[in-house]
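From first to last, the protein sequence lines are chains A and B. Just so you know, numbering that gives the first Met the number 0 puts 151 at position 152 of the first sequence, and the rest follows in order with no gaps. Just so you know, numbering that gives the first Met the number 0 puts 147 at position 148 of the second sequence, and the rest follows in order with no gaps.
Take every hint as true, because none was put in to throw you off.
A short, non-exhaustive set of chain B residues, derived as facing chain A with CB atoms under 7 Å:
(1) Leu10
(2) Gln17
(3) Leu38
(4) Trp151
(5) Thr153
(6) Phe160
(7) Asn237
To spell it out: a stretch of chain B is covered by chain A in this simulated footprint if at least three of its residues, at any positions, have a beta carbon under 8 Å from a beta carbon of chain A; those stretches are:
(8) 268 to 279
(9) 284 to 291
Hints in this document: simulated from the structure, not taken from any laboratory. Every residue gets a Cβ at the ideal spot worked out from N, C-alpha and C, and that includes glycine.
Residues per chain are reported as follows:
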Amino acid sequence: MPKPVKTPVGAQPENPAHLILDGAVAENQWNLLPLDAETEITAANLAPGKVILPLSVWLVLRDELQNRKNEIGVWLDSDETADLIGDDASELPLIAAHFPLFTDGRAFTAGRLLRQRYGFTGELRAVGNFMRDQLTYLTRCGFNAFAFQSEQPLENLLDSLRDFTDSYQSAVDQPLPIYRRRALLG
Amino acid sequence: MYQYDEQDHKLIRERVAQFRGQTERYLAGELSEEQFLPLRLQNGLYIQRLAPMLRIAVPYGLLNSTQVRRLAHITRKYDKGYAHFTTRQNVQLNWPNLEDVPDILAELAEVEMHAVQTSGNCIRNTTTDQFAGVARDELVDPRPYCELIRQWSTFHPEFAFLPRKFKIAVCGAKEDRAAIRAHDIGLQIVKNTQGETGFQVFVGGGLGRTPIIGVAIRDFLPEVHLLSYLEAIVRVYNQLGRRDNKFKARIKILVKALGAEAFARLVETEWEQIRDGADELPPEAIAWSKRFFPQPAYKSFSDSHGEAVLRDQAGSDKAFSRWLERNTFPHRVPGYQAVTLSTKPTGIPPGDVTDRQLEAIADLADEFSFGEVRVTHEQNVVLADVEQERLYELWQAARKHGFATPNIGTLTDMICCPGGDYCSLANAKSIPVAEAIQRRFDDLDYLYDLGDLHLNISGCMNACGHHHIGHIGILGVDKKGEEFYQIQLGGSANEKAALGTVLGPSFSRDEMPDTIGKILDVFVENRQPEELFIDTYNRIGLQPFKERVYAKAS
Ligand code: HEM
Ligand code: SF4
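Excised from the complex, chain A in its bound form (with noise of 0.2 Å):
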């Protein structure tokens, strides 16, 4: 398979103290660690609580932090396809994905795929960039929490998760495509 392309570098998800998590405002439990070159993530030196891995880290990590599983998460750049994770993901409490931009929409197919391929069950969160217009979007891909880049007033963009009430193809928030439904009321 051919490589992505990168994320443009600088770009990191941060980690804002709320969020938007199935339908309401919540506290982050959780602690993003950005990608970083410069100091090595090791199990020993890693804090302790609920962290989330930049994927690289928890491919070399994953085995020694058998005993933590319950609290480490992974989070995928946008050059990361859900497939470097995969049947793992059903072993997963969180995944997060990132946007660098909100036009960037690899993660829509990411969350897609760890949902209905991967058998992921936990917390698909959206970090990074993305928009409150996307909401629908992101929830019909499968992910039901947002971590917005700055924090801003959230109860505000609830609504957005209900600018529509319907969909015409079938995704991880509905089962069968809008012509099935339709073709079998006759």
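We have chain A; now place chain B with the ligands onto it with these hints.
This is chain B with the ligands only, laid out in the frame that chain A set:
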């Protein structure tokens, strides 16, 4: 024609409400220019040279007369009283106010129209043959599939932020009138040896700065798998398409970089995993979609009656016979013919129509063609189901409204983008070049003698005017701030699709009519009896044209 049900209405209403909110947030300064840009583009709204430009979707080019009347009303109320038919079978308004766009969308929604995904980096309006359902060379009517693709692609959650725009075209006939090989995905309906319907799938075609003719990656895709296969193609593209460079972001660049075979393997691997999933198109779903495109209530005529009437009328009226020859198209049902209303009289920008003309089109459709209208990718309008006995009457009415220029398929039926008069990306104007050529070659006998000849003009290399696939293509170029025009020969958009070859150095606008004249002279001198321009060109090559055009005056 497809009829909305409550779910479609609701979705489109919700979209209008969403866009109204977005526009308000933008006007209030809560959304930056950069954030608003993709949102407005996915609602068809450009900010152009003179004003915003709104591109209204016409799914696969099909309109009913109520919709056409509503368009007329909208152009009058919110614009300057005219609209523009585009090469994407859509309609553009050139002068709406940004603040009015939500209201325009609300008015459109009432007649089952919208501007969803007419622009932006998403799956755009699916296009097809303007003679779908009536052409004699048709294997299967493509419109039910176009409608299923429309539903699948509209608000597709995974593919709303692709690396670049994405266009799909479907052809159901032997002759490709939808230019499918110039699209990101081209679908040719085929039958296999068991008589089952399927698709030959082309991918990676497109124009713009890197024009490429699409290649077939699958010769027979059973119709049941249409949507899952499309999903697989677009999914591979979404993950692997270049996002670092906008000019290299189209799927054609990915297909070229990987090679068609490697690309096809990736698609097949992805597709194997989803082919039997929810997106399967069971026969009931296809049957359901087909119900929206029933055969209209044709009268039954004897095979020869209409022909005889026409022969008489044509015999006694030369002007009618010319129109009949160029502007009508054979129909599969005896006693009927399809009519192309030309939007290309000399001096009017190709594709432009006034509000009054839109109303006239609606009236003609009601009167002569079951109230249905089609937009062609050549920027004309088709009434597909006209009784042969009434063609004379229709012709007279069309003449009154300026639609009966008998030039369809000829040199003066040119495709032309808005160019420097409207478009901020243009390197040169294109409309005045079209007009100068129309003026120069207005002799009908000469035009007819030349036969079918496609001349396409674009104001810059984005190629909205399809210049690469015109038999003669004209491209506006900028040389030190001055407008020049480059000529290409030998392009073709049909099943023998080819890209034109640049003739040589470019010309000033004044030189264009003469230069085209020289090209036509070479053709006329070299052609074999009845040979078409493109065939002569393919036989004799570029050189004789080049020699004549660039000959030193002696
Ligand atoms: C005035 C506003 C317009 C703007 C700013 C605009 C912009 C563009 C751009 C940037 C491209 C190149 C895309 C690429 O290579 O990826 C393009 C291509 C194209 N546009 Fe337009 N366009 C405009 C109007 C139109 C109109 C009026 C039509 C139809 C008459 C049209 C039809 C097309 C087509 C057919 C292509 C080539 C598609 C391809 O590369 O596959 N555009 N346009
Ligand atoms: S070809 Fe260029 S000038 Fe013409 S409409 Fe497209 S972008 Fe504008």
